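Asks: Dock chain B against chain A, hints included.
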Amino acid sequence: MIRRLLIVNRGEIALRIVRAARELGLVSIVAHSEADADTLAVQHADEAVCIGPAQASKSYLNIPAVIEAARSCQADAVHPGYGFLSESADFARAVKEAGLIFIGPDADIIARMGDKAMARQTAIEAGVPVVPGSPRAVEGLEEALAVAEDVGYPLLIKAAAGGGGRGIRVAEDSDMLAKQLPQAQAEAQAAFGDGRVYLERFIARARHIEVQILADGKRALHFFERECSLQRRRQKVLEEAPSPAVDSATRKRLCDSAVALAEHVGYLGAGTLEYLFDDTTGEFFFIEMNTRIQVEHPVTEMVTGFDLVRAMIQIAAGEPLGIAQDEISLKGWAIEMRINAEDPDRDFFPSLGTVEKLVWPTGPGVRIDSGLYEGYKMPPFYDSLVAKLIVWDDSRENALIRAGRALDEFHLQGFTTTAGLHRRLIEDPAVKAGAFDTAFLERWLSEPASDHANKKEVINEQ
Amino acid sequence: MTTQQIQAPFPGVFYRTPSPDEPVYVEEGQAVQAGDVIGLIEVMKQFVELKAEASGTLVSFSADNESVLEAGDVIGTLEVNE
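Top line first, the protein sequences correspond to chains A and B.
Under UniProt numbering, the first residue of the first sequence is numbered 1, with each subsequent residue one higher.
Under UniProt numbering, the first residue of the second sequence is numbered 1, with each subsequent residue one higher.
Isolated chain A (complex conformation) (with noise of 0.2 Å):
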């Protein structure tokens, strides 16, 4: 039984998180630090309680603080919201030493899931698909050779100490695999002073695609997916359900696998699973899974009608899950677009100042996640996602229509947001085909904006 929530988080999913406890009759404190004293969820929340300075590493990542704000105030149940200490094992743990309920995971599994190597483990257990490779270490070039003709070409030579796109050589087929193999090992060994190298599938053009589950420990269902491939540096800017590149003998064996590995782990909360998936082959391969409510949680909202932030609190809170898996169906098509307070024309450089004049749009099937309001001054400390704004409709043209009729009526005065970008990309012939993989924004992006409205035509004229 859960009566006072503490929500350790800020901005827009603070807010939705207090929204949901006080629609469950729950006591909702926010956590804050000294700069988010007069933000919106801490005026919408029946309670506040400061939790210390400024930067985020001495309050909302500040684990001892959070406890001892939890005792005093009294709450039997954290919130971790996302990012922060959503995903730390750590923090999971301390709560529940403190004798109070984490809202997700126990820390067992936010610990395994977390880790890269262990997450494909548990997921080849579970008889998920994941990116072919090797499975350990290639020695030498005939064991590579071997290991290739199962993987496929092209693939990847990647280095095991490597990290963050370092360390990776692409061979087309096994002359190049040959020659590539002991310089990418001499390679290897030279940087990084660990010669091991593996092999994985090297997928050119991939999409992001995520499945949503809720689970209680016992049964998983799953939300259907995401679409998540418009990103600029990994980070994603507009998300939609469903993806418009999965037919539904596809989706039925995407979520399916993901249902298998929630309840393979004996997952408890709100999950997301992540996968590449292949446009050319229509294959799907898990990469990560994420064991907390996503920022773009909300279009998986709009297409099935459930409320997965209050379901997540019910289920932390001991209720089983009380549907079937055939009473969860798609219904039309959502679509978010990440309002980021950055200037696209500036190389998306931080654009900070106060809220002078703000009108949101509203209207059917527009909803507003945002925790702005006249007046409001953003602080410089944390992420730059200052407003969501998702659309429904009942099909995907539909929704790219009322996207657009929504940004027109969204009026922010007092700094620049990424809305102008959003209003400009649903009007792209890709954009609007759902033709593209995870390195299309960033292909655009790098184009001359003049060139966009008429890019169709230049093709054609080509």
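Derived from the structure by calculation, the hints contain no laboratory data.
The structure presented is a predicted model; accordingly, all values stated were derived computationally and were not measured.
Even glycine gets a Cβ: it sits at the ideal position worked out from N, Cα and C.
Mixed in with the good hints, there may be bad ones.
Some chain A residues judged to face chain B by a derived CB distance under 10 Å, without partners named [as the list claims (entries may be wrong)]:
(1) GLN55
(2) PHE192
(3) ASN340
(4) ALA341
(5) ASP345
(6) PHE349
(7) PRO350
(8) SER351
(9) VAL355
(10) TYR376
(11) MET378
(12) PHE381
Replies: Same frame as chain A, but now just chain B:
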């Protein structure tokens, strides 16, 4: 000799070191060339290098490491070479 006040170009958190366990970019009293990095300002999770606008001597810092700055706050004083 002219002195120049180095001001924060935008609000954020000021750092004198590239990372917590590394030495400072510039010691007080040290000579700097125009374009030398003298600190970092963190704004909305982005780190921006703060560079000396002229060559000279960085006489003193008035902003502490990890201090919170508003745009226009004075970070330090530069004695510009003639």
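Asks: Against each hint, give a clear statement of whether it holds in the structure.
Replies: So, going through the hints one by one against the coordinates:
Interface restraint check for GLN55 of chain A: the shortest CB-CB distance to chain B comes to about 6 Å, inside 10 Å, so the restraint holds. For PHE192 of chain A, the suggested interface contact is broken, since its CB lies about 20 Å from the closest CB of chain B, more than 10 Å. Against a cut-off of 10 Å between C-beta atoms, the interface hint on ASN340 of chain A holds, since the closest Cβ of chain B lies about 9 Å away. Given the 10 Å rule on beta carbons, the hint for ALA341 of chain A holds: about 7 Å separates it from the nearest Cβ of chain B.
A cut of 10 Å between beta carbons decides the hint on ASP345 of chain A: the least distance to chain B is about 16 Å, and the hint is violated. Taking 10 Å as the C-beta contact cut-off toward chain B, the hint placing PHE349 of chain A at the interface holds, the least distance being around 7 Å. With a cut of 10 Å, the hint placing PRO350 of chain A at the interface with chain B holds, because the nearest CB-to-CB distance is about 4 Å. At a threshold of 10 Å, the smallest CB-CB gap from SER351 of chain A to chain B is about 9 Å, leaving the interface hint in force.
With its C-beta approaching chain B no nearer than about 15 Å, VAL355 of chain A sits outside the 10 Å limit, and its interface hint is violated. The restraint placing TYR376 of chain A at the interface with chain B is violated, with a minimum CB-CB distance near 15 Å, outside the 10 Å limit. Proximity of MET378 of chain A to chain B holds as hinted, the smallest CB-CB distance being about 8 Å (cut-off 10 Å). For PHE381 of chain A, the suggested interface contact is upheld, since its CB lies about 7 Å from the closest CB of chain B, less than 10 Å.
Hint check: violations occur at hints 2, 5, 9, 10; the rest are consistent with the structure.
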